[in-house]
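S.K.: Letter by letter, the chains look like this.
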Amino acid sequence: MIEVRDLTKSYGNFVAVKGISFKAESGQILGFLGPNGAGKTTTMRIITGFMPATSGTVIIDGLDIFANSLEARRLIGYLPETPPLYSDMRVDAYLRFVARLRGVRRNEVADAVAHVLEVCGLTEMAHRICGQLSKGYRQRVGLAQALIHNPPVMILDEPTIGLDPRQIHEIRELIRSFAGDRTIVLSTHILPEVSQICDRVVIINDGRIALEEQLSDIPAGTTLEEVFLAAIAREDHAADTAPEEMLEEVGAGHSEA
Amino acid sequence: MRNTLTIAAKELQGYFVQPVAYVVLTVFLLLGGWFFFAMLRQFDEMIQIIQMMGQASELQQMNLNARVIDPLLHDLSIVLVIVMPALTMRVFAEEKRTGTYELLLTAPIRTGEVVAGKFIAAATFTLIMVAAAWIFPVILMIFGNPEVGVMFAGYLALALLALTFVAVGLFTSSLTQNQIIAAISSFGLLILLYVISWPAEAGGGTIWSILGYLSLPEHFSTMVRGVIDTKDIVFFLSAILLALFLTQRSVESARWR
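Protein sequence lines, in the order shown, are assigned to chains A and B. Under my numbering, the residues of the first sequence are numbered 20 to 276, in order. Under my numbering, the residues of the second sequence are numbered 6 to 262, in order.
Worth flagging that the hints you see were computed from the coordinates, not collected in a lab. Treat the hints with care, as some may be off.
Unchecked claim - Calculated pairs, SDA-like style, for lysine to any residue (alpha carbon to alpha carbon, straight line, at most 20 Å): (1) Lys101(B) x Tyr30(A); (2) Lys101(B) x Arg157(A); (3) Lys154(A) x Asp130(A); (4) Lys101(B) x Leu249(B); (5) Lys154(A) x Thr105(B); (6) Lys101(B) x Thr101(A); (7) Lys101(B) x Pro54(A); (8) Lys37(A) x Trp261(B).
Predicted, not measured: the structure shown is a model, and the values here were computed from it.
Model the full assembly from the supplied sequences, consistent with the hints where possible.
M.R.: Now the structure itself:
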């Protein structure tokens with residue numbers, strides 16, 4: 020459904036994404052994991068067609084995001100890092116606007132809006148001004164706008180960041196409920212989140228893929244945290260930054276403790 | 006077209022819920038009223054002086070159009086140079102800053118439709134503003150006997166000038182995410198287009214006559230005197246189209262940088 024092929028992105032001399040490839044199959048929830056600054060947001064912005072890749076490409080359901088941009092973009096629902104809300108619009112008016120932008124037919128707009136309000140638990144908030152919503156509700160409106168045209172592909176950039184534990188739980192439940200036959204890519208750096216909602220995990224570090232695995236293939240008794248740290252350590256090791264020194268530091272830490 | 010109207014409708018509603026637009030409208034009309042009052046006072050005083058001197062022939066030459074409307078329109082055009090950048094500065098800059106730009110650029114719509122929609126909305130608000138300033142000719146028509154045709158040509162010139170300012174303002178707003186930078190650069194460009202012919206006034210070759218052609222007041226003054234020349238209308242329309250084209254390129258550039 021989503022195929023990322025050899026994606027590279029450089030900003031001037033800085034290479035943010037260094038030739039990554041991965042696939043997400045239909046109906047899968049793919050967790051896109053990595054430390055801050057690993058290139059997650061950049062990759063997602065390229066997948067959604069917001070910015071071009073320096074080289075490589077992304078294929079959404081057979082459509083190239085650059086060559087067939089309009090058609091490919093039609094298939095995607097996208098929640099950027101900050102929910103893209105117009106602070107002076109009412110929630111329902113905002114969702115109607117996004118529905119029209121995303122190509123929902125005029126006579127289906129009202130139903131689509133009512134549906135996502137219901138699904139995202141926003142019915143009570145429909146007449147509120149977006150700018151006055153709490154962070155949790157802003158995130159919900161962000162999810163609602165990503166879902167409004169019932170897209171086969173959803174790209175969610177850190178959907179639970181900055182929320183309190185109860186809200187995180189609710190948003191996770193929501194995302195799980197979206198799944199079905201949808202393909203969802205969600206980025207996060209919260210490890211338990213991945214084991215709770217995802218089928219598959221891609222770990223990136225410093226612009227490279229460190230690990231790509233089905234969650235079911237991770238051996239029992241190993242936590243995702245161990246897998247993550249091991250994968251990232253391997254990557255750093257491979258990238259050669261004085262491994263002995265690193266080991267020494269680790270050793271020193273242990274002896275003190 | 007449908008997408009253009011969706012964006013235009015949303016943007017236009019935006020103008021009516023934001024204080025900036027009302028401030029611009031108020032400042033424009035208040036200053037206009039003050040200038041109008043000043044011109045009328047001067048006109049009145051001159052008539053009294055001429056009457057005291059008993060020169061009937063000069064009294065015949067006193068003309069409301071030339072003595073009141075003509076200078077009023079020139080003053081209003083200067084007010085527009087100052088207030089229009091404030092009206093247009095947020096159009097793209099704010100979307101970039103708040104992140105809603107990602108929503109617009111990942112939606113299945115063309116950048117040309119985005120630019121056209123935003124221009125239509127800003128242009129509609131601007132035309133409402135210029136139409137509101139028609140109050141001054143109406144007052145003259147009630148208490149005096151001005152030439153309506155000449156006033157109509159003058160207001161057409163003011164409207165075309167204002168729409169040119171809108172297009173230039175959209176362009177500078179598309180270049181930055183900082184509204185102040187957008188406003189100052191659009192202000193600078195407009196002033197430049199106002200004074201661009203100053204070195205040409207000394208006379209000279211082709212380059213100087215081109216500068217003369219680019220000068221806004223050149224075309225504006227002809228129309229304000231009541232001469233609707235295709236040449237001037239073509240000038241304004243091509244300036245608007247050029248600025249909108251550059252805006253579209255600037256928005257589109259996000260896709261190839």
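S.K.: Against each hint, give a clear statement of whether it holds in the structure.
M.R.: Do the hints match the structure? See the list:
1. Lys101(B) x Tyr30(A): Holds, at roughly 18 Å.
2. Lys101(B) x Arg157(A): With Cα atoms ~18 Å apart, Lys101(B) and Arg157(A) stay inside 20 Å; holds.
3. Lys154(A) x Asp130(A): violated, 26 Å
4. Lys101(B) x Leu249(B): With Cα atoms ~18 Å apart, Lys101(B) and Leu249(B) stay inside 20 Å; holds.
5. Lys154(A) x Thr105(B): holds, 16 Å
6. Lys101(B) x Thr101(A): holds, 12 Å
7. Lys101(B) x Pro54(A): Given pair Lys101(B), Pro54(A) is violated - Cα atoms ~25 Å apart, limit 20 Å.
8. Lys37(A) x Trp261(B): holds, 18 Å
The structure does not agree with the numbered hints 3, 7 stated previously, though it agrees with the rest.
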